[in-house]
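**Student:** Take a look at the letters that make up each chain.
There are 2 protein chains.
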Amino acid sequence: MSDRLNSYLKENSDRFLEELISFLKIPSISTDSNSKADVDRCAHWLKDHLFNIGITNVQLEETPGHPIIYAEYLIDASKPTILLYGHYDVQPPEPLDLWDSPPFEPTIRDGKIFARGATDDKGQLFTHIKALEAHLAVEGTLPVNVKILIEGEEEVGSPNLEPWIKDNKEKLSCDAVIISDSSMYAPGIPSIMYGLRGLAYFEIEVEGPSHDLHSGLYGGAVPNPINVLSSIISSFHDADGRIAIDGFYDTVRDLVESEREEWKNLPFRDSEFLAETGASELAGEPGFTTLERVWARPTLDCNGIIGGFTGEGAKTVLPSLAKAKFSCRLVPDQDPLEIEKLVIAHIEKVCPSSVKFKVGQHHGGKPVITDKTGIAVDAAKRALKKSWDAEPVFIRGGGSIPVVATFAEVLKTPTVLVGLGLNDDRLHSPNEKFDLENFYKGIQTSAYFWNEV
Amino acid sequence: MSDRLNSYLKENSDRFLEELISFLKIPSISTDSNSKADVDRCAHWLKDHLFNIGITNVQLEETPGHPIIYAEYLIDASKPTILLYGHYDVQPPEPLDLWDSPPFEPTIRDGKIFARGATDDKGQLFTHIKALEAHLAVEGTLPVNVKILIEGEEEVGSPNLEPWIKDNKEKLSCDAVIISDSSMYAPGIPSIMYGLRGLAYFEIEVEGPSHDLHSGLYGGAVPNPINVLSSIISSFHDADGRIAIDGFYDTVRDLVESEREEWKNLPFRDSEFLAETGASELAGEPGFTTLERVWARPTLDCNGIIGGFTGEGAKTVLPSLAKAKFSCRLVPDQDPLEIEKLVIAHIEKVCPSSVKFKVGQHHGGKPVITDKTGIAVDAAKRALKKSWDAEPVFIRGGGSIPVVATFAEVLKTPTVLVGLGLNDDRLHSPNEKFDLENFYKGIQTSAYFWNEV
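Read top to bottom, the protein sequences are chains A and B. Here the first sequence stands for residues 25 to 477, numbered as in our numbering. Here the second sequence stands for residues 25 to 477, numbered as in our numbering.
Take these hints with a grain of salt, some might be off.
The list treats identical chains as interchangeable, and a pair is accepted whether it falls inside one copy or across any two copies.
[Stated by the list, open to error] Below, computed lysine-lysine pairings styled on DSS-like, alpha-carbon distance capped at 30 angstroms:
| # | residue 1 | residue 2 |
| --- | --- | --- |
| 1 | K347 | K382 |
| 2 | K193 | K380 |
| 3 | K347 | K380 |
| 4 | K193 | K34 |
| 5 | K103 | K171 |
| 6 | K347 | K373 |
| 7 | K396 | K465 |
| 8 | K436 | K103 |
| 9 | K396 | K171 |
Honestly, the hints are just simulated from the structure, not real lab data.
Work the whole structure out from these sequences, hints included.
**Tutor:** Here's what the structure looks like:
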């Protein structure tokens, strides 16, 4: 990389951080219908920002949900074309009382920036935008053709992205996609992620009596929806911790022995992982290591539950309703639609006829495994090695980026996942953060990447 | 009863209702620490009211919780002394959106008054106060010695009442206690209740990770507190609906055959009971009828549950905490303290070591069976028969009035439970009501009662 590029990055580093702070201040919570105006404001901020750094061909595309930002900077049809994907929406910040500083007032402590979206995905996305800015400012152009696709609905399952990609297949055609929306394996170990879990997300509501009853006058003779819902949830696992839904594991691709060996060679300690979680003990499916459980085995976790009286003190109510949200992380070759059917069939089987139940689904996503070679993967490897001065490792991830499967299916394009976050970034949790070292090294990595491709 | 007494009741009926409305307007929610001022205001309102009808010896007794009202009107040591017990506190009104009219704006529709506390217990208690007023206004005195004990903590398990009764044993000495804080067997069937269930009330909190985690990055390897709590709750019952806690039924007194026969002769239809609940089907312990399940068998019902993300939309969180409230209705000769030990031992047995849990107890109450004869029971029978023109039946109840056991143990005094509510009064639920017919016939019954004793 040219000295001028490096100097530019250095000279402008304070401004980059100020701009990131402005970006993080906007509470673009896509799950919350009350935040619609803020999500919109964030989309406009981003569009203007891209325009101002010199990517003048930028559009804000309306959808039935939140807007998509699409931009392109095409220099030469004979050169490779890379699509950069990211998202500007964030998770809800609740529970608010557990944040040490307010989620939408970005605060710097110990070389880390704390805010909702710091790592997921505003901070990581912004590294690429700043690298593109540097190329444009210093060279007056980019080294490759670049297309940029940034959505505002990743945290709600991207319901409008796939249709939009299908409708704009030709416009989006490219040689590879790059995404930074995940983590490095560990601090100082640059990583390329080649596998992601999928997702199937459910809500269930159980109704016993049609209204809340006095537990003394009716208790013992009327079905209790919380007790019933608890039994349904309990029936999802067997006593050993395996998922007890008929057919659930039928399409799970077994880990290959070489993969298990590679993962065993990664520096990993259960004790450190346990310390990150703060739990008393780890727990999961028998016969698998922690990395295997998280990267290559499916799950069923409750995400939320509510029913009856939850205020202070004692209320002797036999409630009418109980509701839960739960979701399955899926692995190749499980299909979210097929899993939805199995889960619903299971509930129909175990739910007693004395209650009514409703099951709804949120948008899910397919699990994916991508190639470990190709122009973008190879360029990312070289760029990571240069900026971090260490050999990148290939890893899988436990999270879901459903659009990766869409890019493979619709655009027939491979994706390279260059995670810049760290595992202790607390994305989706209170005190989400992004290390400033990762922010600045990420910008440098991206600047190299555009050259290396 | 004298014509003058009857005329007084008739002439003042509109005012009685207006006063009841004033009483019901005060949101004396004892479970809610934010309502302390209103609970206090209600106690003062009641004290002033008793003074104004002529019971001038009335005290407001402070306790560590809400005040107790104690009053007496003693005419002649050779005559019987009856203690009237009631409570001026009410249940929380939530969920507010299910009320057809606001819970603390009493509204009359179809000959019923709708408000929180209408039947439990302000409306029922007020019938006795108005009957005493009538005697004092018409005769200038009462036919027997009357003591009045009204507490403000019944809905939180009366934590300060038992110590107060023990400290004031001599002052409270009496021949019988009368309480109207329950229901008639059915409209038009006056009833005396001779059995009540007891209560043991628990809160449980399960902690998995120490903070909310991303369900993708950690899911599969970390204990999920909602899934674990659901399994604990599920383990409380076996597949048939019996409680599966070791020793839980050991001290349950079997129903005697004559009692079962008597209950079979009461007019009762499962279909009507089911219609009251609005559930799809009834459900409960095998081998018992609905009345037996509700009156004479113990239960374990969840009263509330909460954990993780319960807002709108999907959040893929692996939560740190899940909490539930649950309670057991107990029958003779189960002891609440003994049941608490069994429940905690059960949880310790089934809860996996990968999570931490805490169990707390709210104040419970002992189950009770009282005599079917005695001066107060006999007088109540005659009073009920006169005012309702029908033979009273002896019934048991599924609810709990723990003070009945305290009166028996501390004062060695029998209690007569003259329920004036109806089973569809929705106490503890939205749209609680009290039929005005029951209000006015209740006043008449009470007026007869004081004469008959």
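**Student:** State for each hint whether it applies.
**Tutor:** Going down the list of hints, with the structure as the test:
no. : hint           : in the structure
1   : K347 with K382 : both (9 angstroms within a copy, 23 angstroms between copies)
2   : K193 with K380 : neither (44 angstroms within a copy, 51 angstroms between copies)
3   : K347 with K380 : both (12 angstroms within a copy, 24 angstroms between copies)
4   : K193 with K34  : neither (38 angstroms within a copy, 84 angstroms between copies)
5   : K103 with K171 : within (13 angstroms within a copy, 98 angstroms between copies)
6   : K347 with K373 : both (18 angstroms within a copy, 27 angstroms between copies)
7   : K396 with K465 : within (23 angstroms within a copy, 85 angstroms between copies)
8   : K436 with K103 : within (18 angstroms within a copy, 98 angstroms between copies)
9   : K396 with K171 : within (22 angstroms within a copy, 87 angstroms between copies)
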